[in-house]
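Novice: One-letter residues, chain by chain:
2 protein chains.
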Amino acid sequence: MQRTCVIMAGGSGERFWPVSRKAYPKQLLALTDSGKTMIAEAIERISPLISYRDIFIVTSEILLAPIRAALPEFPPENIIAEPAKRNTAPCLALAAAIISARYTEIALQDISMAVLTADHAVAPAEEFRKTVDIALHYAEKAGRLTTIGIVPTRPETGYGYIETASKTEVNTPAEVIRFCEKPDIVTARRFLESGNFYWNSGMFFWRLDVFIDEITVAMPLYSEKIAELTQAYSKSNKMALEASEPSARECFAAFPDISIDYGLMERSRKTSVVPAGFSWDDVGSWDALDRLRVADKSGNIIEGNSVAIDNKHSIIINKSSDMTAAVIGTENIAVIVTDDAVLVCPKDKVQDVKKAVAALREKGEEKYL
Amino acid sequence: MQRTCVIMAGGSGERFWPVSRKAYPKQLLALTDSGKTMIAEAIERISPLISYRDIFIVTSEILLAPIRAALPEFPPENIIAEPAKRNTAPCLALAAAIISARYTEIALQDISMAVLTADHAVAPAEEFRKTVDIALHYAEKAGRLTTIGIVPTRPETGYGYIETASKTEVNTPAEVIRFCEKPDIVTARRFLESGNFYWNSGMFFWRLDVFIDEITVAMPLYSEKIAELTQAYSKSNKMALEASEPSARECFAAFPDISIDYGLMERSRKTSVVPAGFSWDDVGSWDALDRLRVADKSGNIIEGNSVAIDNKHSIIINKSSDMTAAVIGTENIAVIVTDDAVLVCPKDKVQDVKKAVAALREKGEEKYL
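Chains as they are written, first to last, in our numbering: chain R, 1 to 369; chain B, 370 to 738.
Rather than coming from a laboratory, the hints here were simulated on the basis of the structure.
Warning: the hint list may mix true and false statements.
[As the list claims (entries may be wrong)] List of simulated lysine-lysine pairs, DSS-like, C-alpha gap at most 30 Å:
(1) B/Lys639 <-> B/Lys688
(2) B/Lys736 <-> B/Lys723
(3) B/Lys666 <-> R/Lys349
(4) R/Lys349 <-> B/Lys718
[To be verified] Under 8 Å between C-beta atoms, here's a sample of chain R residues computed to sit facing chain B:
(5) Glu169
(6) Val170
(7) Ala174
(8) Ala325
(9) Val327
(10) Ile333
(11) Val335
(12) Ala356
(13) Leu360
Even glycine gets a Cβ: it sits at the ideal position worked out from N, Cα and C.
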């Protein structure tokens, strides 16, 4: 079995504004205590199981150069730009086509694909690889669309959930009853108590033949499109995978904007889940730093040049070497400073950073985005 | 009677950091809705009563050039630098000497002096001039060290108080029983209820002969020192009042560091107070903007380029044209942004800005001060 890995790294990460920018999104930030970018961590984490040669990073055109620059040791031809901005279903169809074109001598049923994310926090790495190995092995052997479910630790309303028939041991595949959209808090509490609900990690494992068969059942257009894209990328030399093939661009742009969860996973009857033996965080907004970093004795997370006096449970990040930040007497506040922007927001409102980004866009202040 | 005015403008105004800086303190800021600097407002306010020629601004050496630049129409030779950093008693002794030297043909008992501040908010100006005129006239006629007392409107613990024998009508001189230092909140409430306590405005009115006599009774050193300084400044040409006279520098440096309240007013038995017919604010810290400016309908005071979403009763000042500030969901917070610094602080802790300034000094980050 030829194992491959696809890392989706096209996200724009507006929730980490003002540090994240259009050409410098979350996956390129060092958000954990390791000091490494999220995407470097993601590749380092999987590479003992799947080597660089067989890992494909799919990103947007604007991020192609920054990601290549951030990963100097990674083969540049394996970092691929989507020819247009689309959701995860077209992205993974494109990945399937590119992999089909790259491994021409190997039959589709002998190629498996691990779909991972570039901007989530995972620990410990060994336990992550153990679960991935089990999920991949199960997907290869049983021919199932397999996902990793995270054992929930709080009634989170920001994640999708996966239901199984009964509580399942970690690292043990189980059939999926249904995928549930983000619940309200009452439902989330019920999910947490039930024991047979898992957070949808956004990681998927399948054989190429099973993926193409199942996505074609769900969305008949895909069969023909994937064949067309495979054809287009077969003609390209490796570096041209960047999207220079006009036929590929046109073909890809015709995909409707649909997520892999909604377009494939929720519709297929061949879905399984492996409960994770590791801890996971989607690093969705600034308050995630509270879970990812070690706070000082007052509960503050402080980075960069600042004068912080009498604060409690605050996040004070100064990314500028020119600016100084003085933060005094705050509680549960996030203060983020860059060379050209300042964000001040209570920690429980950091989701609203997107509103600020939208407002700046509306004011025509693109230079800050 | 030759009326003169002395405006003390040597303050460093650390409490308005990061906008106020060593060479750009509070008196040079435009803090009210008028858009004018505090010192320009102070001069404009008094000039219908005392013309520019007879107004003397005493400041520090570092502020001499910035203040001259901020007041292009004001006679530069009337803006004088103290030869060393000292408290208000030496400052006013110096002013007395300079005025004695300037008006050589006029006897000391025929010169009166109105001592005003450069960085307080006062309104309305006509009422201010009315009270000043009454206080000056009383000081001239009765030969008393006269001050203006502000009718208190809240149990303020940040101001000194002046006690009179009984409740007094505004614009009516009364004898001072005692000067009280900043009270605790219980005492401040009692002062407010009593009706015969006034805030010490820091404005003083006296004839030059009475001032020199009384300060010599309180501090015998002063008589000789003022004579020496008068001598030194008599020899100087007008522009040399900047402090180029070595003998003046040496003489001035020998003054102990003492305030006019403590050194003279609290010790003299010839003190009177005129309750003010105007409203007054010492503009002591960022939260004063709540009293000096008109807030928006959510109670926010917002200035400069910012994205402010869902804030209540916050002060958001962005003085930089390069930085953008996004402030979301805050309540009662002050966020101040300049080209090189950010301050974030709850409004009820803005007094602690001095702690941040001290911390920066301690870290050797003078460039931010």
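Novice: None of the hints should be skipped; say for each whether it holds.
Specialist: Evaluated hints:
no.	hint	in the structure
1	B/Lys639 <-> B/Lys688	46 Å, violated
2	B/Lys736 <-> B/Lys723	16 Å, holds
3	B/Lys666 <-> R/Lys349	21 Å, holds
4	R/Lys349 <-> B/Lys718	22 Å, holds
5	Glu169	42 Å, violated
6	Val170	38 Å, violated
7	Ala174	41 Å, violated
8	Ala325	5 Å, holds
9	Val327	5 Å, holds
10	Ile333	7 Å, holds
11	Val335	5 Å, holds
12	Ala356	4 Å, holds
13	Leu360	6 Å, holds
When each numbered hint is compared with the structure, violations occur for hints 1, 5, 6 and 7.
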